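Student: Using the sequences and the hints, build the whole thing.
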Amino acid sequence: MAISPRYTREIPHRYRLEAQQFECGAVTLPNRYICPDNCCKKSKKITLKGKGKILTYTIIYIASDQYTRATPFAVAVIETEEGARLTAQVVDCNFDDLKIGAKVELIFRKIMEEGASGIINYGYKAILV
Amino acid sequence: MREVAIIGVGMTKFGELWGQGIRDVFAEAALKAIEDAGVDKIDSLYVGCMSSGLYAYQEHLGSVCADYIGQKGIPAARVESACASGGTSVRAAFMEVASGMSDIVMAGGVEKMWDVEDGTFVLATASDQEYEAYSGVTFPGLYAMMARAYMEKYKLTREELAQVPIKNHKHAVHNPNAQYPFELDLKGVLSSSMVADPLRLMDCSPITDGAAAVILCPLDKAKKYTKHPVKIRAVGAATGPIALHDHVDMTKLDAVRIAGERAYKMAQLKPNDISFVEVHDCFSIAEVIVAEELGFFKYGKAGKAIANGEATYGSKIVINPSGGLKAKGHPVGATGVAQIIECVEQLSGKAGKRQVKNAKYGMAQNMGGSGGSCVVHILEAV
Ligand SMILES: [Zn+2]
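Heads up: the sequence lines are chains A and B, in that order. Note that our numbering has the first sequence beginning at 1, numbered continuously upward. Note that our numbering has the second sequence beginning at 1001, numbered continuously upward.
These are calculated hints, taken from the structure and not from any lab test. Among the hints, erroneous ones may be present.
Once the Cα atoms are required to be at most 20 Å apart in a straight line, the calculated SDA-like pairs of lysine to any residue come out as [as the list claims (entries may be wrong)]:
1) A/Lys99 to B/Thr1157
2) A/Lys103 to B/Lys1153
3) A/Lys99 to B/Lys1153
4) A/Lys41 to B/Asp1246
5) A/Lys41 to B/Pro1241
6) A/Lys110 to B/Gln1129
7) B/Lys1252 to A/Lys51
8) B/Lys1041 to B/Pro1075
9) A/Lys51 to B/Met1151
10) A/Lys49 to A/Pro12
11) A/Lys53 to B/Asp1246
12) A/Lys53 to B/Thr1157
13) B/Lys1153 to A/Glu79
14) B/Lys1153 to A/Lys49
15) B/Lys1252 to A/Glu79
16) A/Lys99 to B/Lys1041
17) B/Lys1153 to A/Leu98
18) A/Lys99 to B/Tyr1154
19) A/Lys99 to B/Pro1198
20) A/Lys51 to A/Met112
Keep in mind the model is a prediction, meaning the values are calculated, not measured.
Tutor: See the structure below:
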């Protein structure tokens, strides 16, 4: 499976947390042509500070092949201070310390190695702060 | 718009069908439906399937399926809405008959899931591929996150949630087509392996091969084919955010509520009128949230009510008399059609030991992804 072009075009969002803020205040990542509530189209580019909190989480024990070596690992839905929502692994933590409402910070990490050629894919993960 | 009835149904046994490929599985169900309806020709075919490309390396199912059921020449197409593909197929056939465009239309569904090794990857393609699956989250993981949020908000215990699959397995004992027609106890749920905390293997619907098909025709012609036609009283469909993280509330499934409201409005009925409902219990928590979104229980109450025995025979609403996705099996694209078949069998008094007494209206709720799409049908005994 070759997903390299698919991968490279997401780099601004995944490496640099480039998001967009719509006129109505909605903050989204990745980009959209129209805000999720279908109320406005004008937006400006913003960079997320990478601070947020856990809205809910799980610990994955059975993963798809590409992620199996990492199991068990935690994944959470995170809301950033700017109001963007995203899904990310929470790493370097005791699973017992995870809770809804816990504060997290996004960091730059390796995500996986893609396909037979083993291209390394990066992106954001979260740590508890 | 014309009124529409179902005049024939057919399905395979759900399970591990190692001797049959995707075309065989589909043909078995479709030919049973054609025989049941007593028609020799259909005018049009829809095939609900989530991912024949990734599961069986076969696209172009409209052609494959029409060809292998002796109906070459008819218009046929595959419809896809992840796990709601089957319900979407029935809705498409309903519209084609209701509009007057065709008279005899088949709505089928099929999935052949056991032939691939990394099924977890295939299922995750029903989520946001770049922004959910990329994190490594799996489908069970998404529902586990809903379960975590729901259990914390409404103080639902792990033991109470376990009563959902226990109840569904009890129902499946009397279903000859069920993949796992045996009872399950609390220890069986709580000692099964962890898949995505807090969900264990026995919270999750299985990997299943199978197909199902129904034949629709205008209600005023239905008596020509069968003594017991079942009318499709209403259908409602809706979409929701593709990503779970874009749900405003992690304990709700907006698309289910909207699809349900549309179906109730079209049927001019209320939750109180429904005797039984086939819901999309892909994971135990899904049945709980869906039962609330369809108005059978207040928000936060369904989990405890199901644990209390308020969703089985003898209560106001029977949820998943077939055994549900958990025990009957979940061949993704076939599921929504099989739900309709359960409704037809119940409403025509052919459900045997699973029969819900005096059922006038039945409902089928079929859902894609983590609530990204939903189709709700209401059926009526006529
Ligand atoms: Zn807006």
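Student: Does each hint hold? Answer for all of them.
Tutor: These are the hints, each one checked on the structure:
no.	hint	result
1	A/Lys99 to B/Thr1157	holds, 17 Å
2	A/Lys103 to B/Lys1153	holds, 19 Å
3	A/Lys99 to B/Lys1153	holds, 13 Å
4	A/Lys41 to B/Asp1246	holds, 18 Å
5	A/Lys41 to B/Pro1241	holds, 18 Å
6	A/Lys110 to B/Gln1129	holds, 17 Å
7	B/Lys1252 to A/Lys51	violated, 25 Å
8	B/Lys1041 to B/Pro1075	holds, 12 Å
9	A/Lys51 to B/Met1151	violated, 26 Å
10	A/Lys49 to A/Pro12	holds, 14 Å
11	A/Lys53 to B/Asp1246	holds, 15 Å
12	A/Lys53 to B/Thr1157	violated, 24 Å
13	B/Lys1153 to A/Glu79	holds, 18 Å
14	B/Lys1153 to A/Lys49	violated, 29 Å
15	B/Lys1252 to A/Glu79	holds, 17 Å
16	A/Lys99 to B/Lys1041	violated, 59 Å
17	B/Lys1153 to A/Leu98	holds, 16 Å
18	A/Lys99 to B/Tyr1154	holds, 16 Å
19	A/Lys99 to B/Pro1198	holds, 13 Å
20	A/Lys51 to A/Met112	violated, 23 Å
Checked against the numbered hints given earlier, the structure breaks hints 7, 9, 12, 14, 16 and 20 and satisfies all the rest.
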